[in-house]
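Colleague: So the chains spell out like this:
Number of protein chains: 2
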Amino acid sequence: MTIKATNIIRHAGKVAPDERTAATGNRPCIVWLTGLSGCGKSTIAMSLEHQLVASGHPAYVLDGDNLRHGLNRDLGFSPEERAENIRRAGEVARLFADAGVIALCSFISPYAADRDAIRAMVEPGQFVEVFVDAPLNICEQRDPKGLYKKARAAIAEGRPLMLTGVDAPYEAPRHPEIHLHTASQSVEECVKSILAYLRRESRLVD
Amino acid sequence: MTIKATNIIRHAGKVAPDERTAATGNRPCIVWLTGLSGCGKSTIAMSLEHQLVASGHPAYVLDGDNLRHGLNRDLGFSPEERAENIRRAGEVARLFADAGVIALCSFISPYAADRDAIRAMVEPGQFVEVFVDAPLNICEQRDPKGLYKKARAAIAEGRPLMLTGVDAPYEAPRHPEIHLHTASQSVEECVKSILAYLRRESRLVD
Numbered sequence: 008m009t010i011k012a013t014n015i016i017r018h019a020g021k022v023a024p025d026e027r028t029a030a031t032g033n034r035p036c037i038v039w040l041t042g043l044s045g046c047g048k049s050t051i052a053m054s055l056e057h058q059l060v061a062s063g064h065p066a067y068v069l070d071g072d073n074l075r076h077g078l079n080r081d082l083g084f085s086p087e088e089r090a091e092n093i094r095r096a097g098e099v100a101r102l103f104a105d106a107g108v109i110a111l112c113s114f115i116s117p118y119a120a121d122r123d124a125i126r127a128m129v130e131p132g133q134f135v136e137v138f139v140d141a142p143l144n145i146c147e148q149r150d151p152k153g154l155y156k157k158a159r160a161a162i163a164e165g166r167p168l169m170l171t172g173v174d175a176p177y178e179a180p181r182h183p184e185i186h187l188h189t190a191s192q193s194v195e196e197c198v199k200s201i202l203a204y205l206r207r208e209s210r211l212v213d
Numbered sequence: 008m009t010i011k012a013t014n015i016i017r018h019a020g021k022v023a024p025d026e027r028t029a030a031t032g033n034r035p036c037i038v039w040l041t042g043l044s045g046c047g048k049s050t051i052a053m054s055l056e057h058q059l060v061a062s063g064h065p066a067y068v069l070d071g072d073n074l075r076h077g078l079n080r081d082l083g084f085s086p087e088e089r090a091e092n093i094r095r096a097g098e099v100a101r102l103f104a105d106a107g108v109i110a111l112c113s114f115i116s117p118y119a120a121d122r123d124a125i126r127a128m129v130e131p132g133q134f135v136e137v138f139v140d141a142p143l144n145i146c147e148q149r150d151p152k153g154l155y156k157k158a159r160a161a162i163a164e165g166r167p168l169m170l171t172g173v174d175a176p177y178e179a180p181r182h183p184e185i186h187l188h189t190a191s192q193s194v195e196e197c198v199k200s201i202l203a204y205l206r207r208e209s210r211l212v213d
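Going down the list, the sequences are from chains A and B.
With the first sequence counted from 1, adding 7 to any position gets you this note's numbering.
With the second sequence counted from 1, adding 7 to any position gets you this note's numbering.
Calculated from the structure, these hints are not laboratory results.
Wrong hints could be hidden among the right ones.
No copy is singled out in the list; a pair is fine if it fits within one copy or between any two copies.
[What the hints assert, rightly or not] Below, simulated PhoX-like cross-link-like pairs (lysine-lysine); rule was C-alpha separation at most 25 Å, straight line:
{"#": "1", "residue 1": "Lys21", "residue 2": "Lys199"}
{"#": "2", "residue 1": "Lys156", "residue 2": "Lys21"}
{"#": "3", "residue 1": "Lys21", "residue 2": "Lys152"}
{"#": "4", "residue 1": "Lys157", "residue 2": "Lys199"}
{"#": "5", "residue 1": "Lys156", "residue 2": "Lys199"}
{"#": "6", "residue 1": "Lys157", "residue 2": "Lys21"}
Same shape as in the complex, but just chain A (with noise of 0.2 Å):
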């Protein structure tokens, strides 16, 4: 990614950060879900959508799948590509979080440097990292997408497809602010798990 624009200037908005928070009960804040495909990620986060949207908290999953469809479609799946992609999905989170939304972002997002880009581009405590942690061998016997099976096939085929946690790295968070083990937790503890900490962190006021 090189930077284009220049000769920019930012206009300052008129609704201050304070009034924001008294209008929703939220302080500016992304969740940020990291784990294997089928460890349950998208799950949490769409039931922790509903939970915080229907107590008056306005709350928005922003998804891997979903972004491709729209945002990101000009993207495909090389290393490059892949990190703009979670480059993207950082950046409309910021302006979710900013806007008073709680973002709520399931992505693989393998690498740990992607991550921590947007950890960097945020206030302290604006980010929290959610390591949905399940064992690989349970992703694949889950395989909602069937893209382990796909991977499997393929591999024995000769061509490689990628697939973080068979043919592609998964660096695991090694500082989450939650930790969650989806092979023992249900989605409703893992989902109190996060509500507790975001009320105990203030990112939820009311």
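Please build the complex by placing chain B on the supplied structure of chain A, with the hints as guidance.
Modeller: Showing chain B alone in chain A's frame:
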């Protein structure tokens, strides 16, 4: 823009549009302000944002300049890059609208085709095109960013700057939902007129 993302499964969200409307008092909506540099787009957008948030309606300004600091900082000002700038802005606006936040988009967006492409992406009634109309000579007198001065100097030296309205075209909306004349209307009148439209068309429901 080449579509490269394939093999993508869209997750259905768990939050129904009616639940979001109940929580926010808005229906999904993109207010798209288009017009020359200096016509008053950003000033109107920010005043509108402030009034909406103060009355409990989530709203957020997406601004050409501000997006270029983050999401679109890899884009320059060639015709293709301008088109991609507007495409991404439209995609982000669609995500905001889907999240229940009124997206207030302030972009020169000189090409009708680019604006129409965003209109075509969303449901009928969701895209509210606002033509922020002011004669070039008025915009040039205001010149809040000094762009006209810079463009005239560049042209005098034989270097085109591709500034909309000076040495690059502006295609005025033919059927905008709202047509504002900022040489004669105040910011307050313009904001009032947009709010009245949103209420009349049931984009604001409380």
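Colleague: Now, for every hint given, state plainly whether the structure supports it.
Modeller: The hints, checked one at a time:
no.	hint	in the structure
1	Lys21 / Lys199	between (35 Å within a copy, 17 Å between copies)
2	Lys156 / Lys21	neither (52 Å within a copy, 27 Å between copies)
3	Lys21 / Lys152	between (44 Å within a copy, 18 Å between copies)
4	Lys157 / Lys199	neither (34 Å within a copy, 56 Å between copies)
5	Lys156 / Lys199	neither (32 Å within a copy, 57 Å between copies)
6	Lys157 / Lys21	neither (50 Å within a copy, 28 Å between copies)
Checked against the numbered hints above, the structure violates hints 2, 4, 5 and 6; every other hint is satisfied.
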